[in-house]
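Engineer: Keeping their order, the protein sequence lines are chains A and B. Residue 0 is where the first sequence starts when you use numbering that gives the first Met the number 0, and the numbers rise one by one after that. Residue 0 is where the second sequence starts when you use numbering that gives the first Met the number 0, and the numbers rise one by one after that.
No wet-lab data here; the hints were simulated from the structure. Heads up, a few of these hints could be off.
Claimed, not checked - With a Cα cut of at most 30 Å, we get these calculated DSS-like pairs of lysine-lysine: (1) B:LYS480 to A:LYS139; (2) A:LYS96 to B:LYS688; (3) A:LYS98 to B:LYS871; (4) A:LYS98 to A:LYS50; (5) B:LYS688 to A:LYS95; (6) B:LYS682 to A:LYS96; (7) B:LYS682 to A:LYS98; (8) B:LYS645 to B:LYS403.
As the list claims (entries may be wrong) - A few chain A residues facing chain B, derived, Cβ under 10 Å: (9) VAL29; (10) ASN42; (11) VAL136; (12) PHE171; (13) ALA172; (14) SER174.
Even glycine gets a Cβ: it sits at the ideal position worked out from N, Cα and C.
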Amino acid sequence: MTEFQTIHPLGDVPPQSVESGDTSGITLNVRHEISMVQIFARNGREMELAKKLNIEGVPGRASETRSFTAFPLAPGQWMLVSKNAPGSGFGTGIAKKLKGIGYVSEQSDSRVCIRVSGSQARELLARGCRLDLHQSVASKGFCAQTPMAQVGVLLHQVNDGPTYDLYVYSGFARSFWEWLAHTAGQFGYSRGGRGH
Amino acid sequence: MSGSNRLSKGGSRIDRTRPLRFRFDGRSFSGFAGDTLASALLANGVTLMGRSFKYHRPRGCLTAGSEEPNAIVEMRSGARREPNTRATIAELYDGLEATSQNRFPSLKFDIQSLNQLLSPFLTAGFYYKTFMWPASFWEPVYEKIIRRSAGLGRAATEPDPDTYEHANTHCDVLVVGAGPAGLAAALSAGRTGARVLLVEEQAAAGGMLSPDRDMIDGKRSADWVEQSQAELNALDNVTIMMRTTLFGYYDHNVLAALERVNDHVAEPPAHQPRQRLWTIRASEVVLACGSHERALTFDNNDKPGVMLSGAVRAFVERYGVTPGKRVVICTNNDDGYNTAEALINAGIEVALIADARTDLCIAAQSARETGIRVETGLLPQKALGGQNVSGLSLQRADGSFSEKVDCDCIAMSAGFSPDVHLVSQTGVAPVWRENVLGFVPDKPIRRERSAGAGQGTFDLAGCLAEGHAAGLDAVSSAGLKTGRAKAPPKAKAVEIAPPLAIWRCPGNGKAFVDFQNDVTARDIHLANQEGFSSVEHAKRYTTLGMATDQGKTSNVTGIALLATARGEPIPDVGTTRFRPPYSPVAIGAFAGHERGKEFQPVRRTAMHACGEKLGAVFVEAGQWLRPQYYPKSGEGVMEAIYRESKQVRETAGICDVSTLGKIEIFGDDSGEFLNRIYINGWKLLAPGKARYGLMLREDGYVFDDGTTSRLADDHYLMTTTTANAARVLAHMEHASQVLWPDLDVHFCSATEQWCGVAVAGPNARAILAKAFADAIDVSDEALPFMGVRTFEWSGTTARIFRISFSGELAFEVNVPWSAGEGMWNAIWEAGQDHGLIPYGTEALSVLRIEKGHVAGNELDGRTTAADMGLGKMMSTKKPFIGQKLAGREGMVAKDRAKLVGLKLTEDSGRLRGGAHLVIDKDNANAETSLGWVTSVCDSPAIGCWIGLAYLRGGLEEHDGKRLFAVNPIYDEAPAVEVVSPHFFDPQGERLKGPVR
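I would like the entire structure built from these sequences, with the hints used as guidance.
Structural biologist: Here is the structure:
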């Protein structure tokens with residue numbers, strides 16, 4: 000009998016890189032071992048929920064807490080991303096905290112997270128992202144939901160390196176990766192290890 | 000030296016230490032790095048570069064820039080062959096290959112030049128006059144002739160091996176054009192710290208500046224340009240994009256530009272695109288687009304060797320090439336004297352300056368002082384010579400004086416038209432300025448301003464001052480601080496004498512206005528005479544201003560001649576509206592990455608590899624790839640589908656149903672929300688149960704269907720059709736946010752979180768019992784029909800639904816994406832002893848047709864619930880979306896087409912979707928059609944072809960009747976019997992599974 004194994008949407012993407020030449024290039028990582036939940040505040044309980052989780056609801060700004068990063072998706076709605084692996088009980092823990100004031104939808108499998116870093120990461124993203132990511136406009140903590148290469152992406156600027164996390168729907172992950180890697184070729188890129 | 004016409008010195012853009020080889024029409028030549036193909040050909044004494052469109056007249060280059068109408072060639076070869084490349088902007092590279100186009104058999108001897116003999120018949124609008132009769136010749140004869148004659152160049156027939164990409168950028172100030180005004184604007188704006196983007200079409204900045212003769216801030220202009228670029232490059236907040244044409248100005252200051260990243264090399268380096276299409280979002284725009292010089296309209300003004308005055312100067316000063324050894328300059332403005340100065344400085348003979356103006360301007364006096372012959376009030380009448388100009392006859396406007404001058408180059412100038420293309424794209428109608436003899440931008444509609452020659456300022460000092468001011472104005476208009484600005488760059492003020500309007504020189508031969516389309520002054524007169532006197536009509540009738548150059552050198556002259564013909568002032572004629580693109584953009588650039596298999600992103604399910612492993616043939620379902628069928632070796636499509644659907648009913652099948660839309664719904668008011676979204680009731684659905692639901696659009700027609708399960712008191716899972724998943728979510732968002740914000744209901748897509756399989760057939764329960772062993776009890780008692788359970792299996796959460804689309808005992812199992820393959824494998828292995836087969840979307844469809852279940856073909860946006868036989872589901876005890884409008888007279892009319900079943904009653908043949916149902920197959924037409932066939936299949940369960948159809952009168956009127964399913968495309972009209980759509984197991988006995 001075949002042993003049960005879980006798979007990752009980008010699990011079979013071959014390791015690949017393009018020499019960066021005289022540029023400092025790009026590093027692409029697939030972040031495994033993360034958990035995601037989408038949370039909703041009950042009507043009228045938005046403030047209470049935000050306070051309970053110590054997060055903010057400022058559009059376009061991610062809130063960092065000790066155990067997760069929260070991305071506001073809509074009024075009273077956030078995506079929480081934790082560095083804990085799926086199955087670690089992250090979603091259950093959040094659900095317990097939100098009992099009576101909100102709801103939790105497990106989404107760990109719904110998207111993959113691709114980390115793009117390197118001095119030319121911004122230029123790479125500009126090939127597909129219509130948003131203004133210039134340092135004078137977007138800095139660490141910036142987040143947005145936006146289409147890139149015809150695919151809906153949740154974009155998060157992790158640091159001012161700059162490093163970005165792109166959360167892409169699992170079904171589109173392979174297609175999106177192919178576009179990203181192809182486009183990154185002009186800058187030179189390397190595929191990092193399993194990012195966390 | 001790289002050719003007979005290369006000057007021994009000069010040429011600010013060429014690098015004489017880097018010789019390059021190239022070929023034109025099979026002949027080898029050499030040039031220098033920095034040359035354009037046109038400059039390199041001229042340097043080698045090649046003046047004949049193309050043939051005109053209609054008359055196939057020999058043509059050389061008229062201009063030295065992107066407005067070139069004549070010197071249009073095919074570049075490269077094979078898959079990279081590219082027609083209609085302007086030789087004047089094609090940068091030379093080693094090994095460049097170019098060929099002339101629109102000629103046969105050669106450029107020198109073109110048989111179609113005989114068209115000139117027919118020119119009396121090939122006047123404006125000849126298409127409309129010549130090809131009128133006999134009507135039977137239109138398609139077989141005339142169309143073929145026209146198509147063969149039409150067009151310039153040949154597109155490559157192989158796929159383009161190069162890549163193209165899209166990119167986005169944002170800025171506070173976009174400066175278009177890096178001539179003196181544009182550079183001054185970029186400097187003043189850039190120094191404030193604003194984000195500035197400067198785009199320039201050419202490979203070098205400086206615009207029309209003369210590198211040595213023009214002085215700025217006390218320096219040679221070439222040095223000033225270099226220093227300015229260096230300063231801009233050093234500013235982090237400024238980006239310069241060279242070889243980039245701003246071709247479109249759209250709403251909200253969104254602009255589009257084409258960057259020719261690797262057009263100047265033979266092949267793009269690895270991983271580099273050939274071209275990049277930029278979308279620019281600019282807070283403010285400075286248009287410093289310059290102007291286009293116009294041709295004087297005299298007989299034979301299209302001969303090779305006749306060029307615009309500025310182009311002659313550009314070839315001499317930028318490329319160190321002389322277009323001729325003895326030049327006559329004909330001008331109506333001061334700029335012709337600049338050309339004279341440049342030629343004299345380069346040691347080239349200026350035989351005569353013929354100034355149309357009668358007053359001797361300051362520039363003319365200076366020229367005379369240097370010994371140049373200047374004649375005032377003298378106009379060119381006719382260029383002489385064969386395939387190259389050999390002389391010019393001239394006369395005064397009143398015909399009082401005439402002479403012939405030998406020359407091998409005529410430099411002509413009828414003044415300058417400010418380049419108003421981009422501003423016109425914003426919706427601004429350009430206004431006529433008599434002192435400029437051109438149209439200039441009117442008040443801006445968008446956040447833009449013009450500077451320099453683009454708004455009719457032709458003196459250098461003025462251009463610099465305007466550019467500087469425009470840059471600062473743009474910064475402050477963007478809401479940024481300008482600080483204390485440096486003084487604007489300075490140039491010596493020069494008094495420019497006004498130009499004289501000369502729209503048609505004396506003569507009655509062929510005097511071309513639009514060189515590319517072979518439109519003569521007479522054609523414009525004729526258009527007006529024949530009633531096409533509106534500028535837009537005249538444009539279309541004559542083709543003036545069309546094609547690759549978009550009339551940059553010809554529009555204003557054409558408008559002026561039309562005004563003359565109409566006997567009205569020019570402003571009353573007005574301009575045509577310029578539209579994007581400003582200059583040609585390859586389709587490849589518009590497509591970018593999105594071509595071939597990357598045309599749209601592909602969506603794969605978690606079990607894609609499982610399907611591949613079992614030999615699935617995939618079909619695109621929206622963006623999803625779904626297994627369509629699994630052919631065995633030697634098996635055809637129909638056989639595979641037949642086998643799969645048969646075996647599901649006999650043993651069991653597994654089907655990937657991950658693509659169904661899944662929406663998780665939370666909240667205390669979820670039940671109420673579903674009640675309002677669906678036509679049927681939901682309040683009594685208990686946790687652990689699923690129900691079929693149908694939703695309508697606001698207009699009362701059926702929108703979508705699917706099952707929704709209650710997972711907990713305040714937690715539901717809705718499924719939608721694959722096609723409507725996103726639309727249903729948007730519909731619900733609208734309902735929740737706009738219609739009923741008071742309801743405590745929240746939802747999100749779970750389509751990608753969960754993947755799913757359907758396991759159907761008599762053995763389904765046994766297979767799942769084995770696959771999930773101790774994890775879940777799938778017995779009828781523990782999991783009855785329409786039951787739903789959540790369970791833990793192999794460390795993951797799974798959901799099982801006892802629902803059936805096939806009419807068999809069936810289950811759907813959902814697990815998170817990552818566990819999909821593991822689940823498929825577990826079920827597959829468990830099913831090996833139970834005859835489990837994989838089945839695809841085709842067999843899925845056969846099984847549901849046999850059951851009379853509606854799907855996408857029946858949910859076509861024109862049908863009501865009652866049409867589908869589901870009218871009784873519409874609750875009368877609660878309101879729901881679409882309820883009111885579903886009650887409209889036409890929606891409940893008795894004669895509406897209703898869902899019925901059809902059986903093919905003939906032994907051979909087949910049914911086809913789309914066929915129309917008629918009583919008399921010999922009288923089949925739109926009026927006699929009683930309905931149409933929506934879905935068909937060759938049914939193993941029924942033993943013949945069956946179908947679903949919408950039939951006026953439905954079963955009530957037609958049950959058991961014989962009709963014909965007419966399909967005119969296939970010329971078929973098989974006989975069918977009208978039956979109930981529930982072909983197979985109408986009582987639903989098989990849902991229970993085999994009797995134990």
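Engineer: Would you pick out the hints that fail for this structure and give their numbers low to high?
Structural biologist: 3, 8, 9
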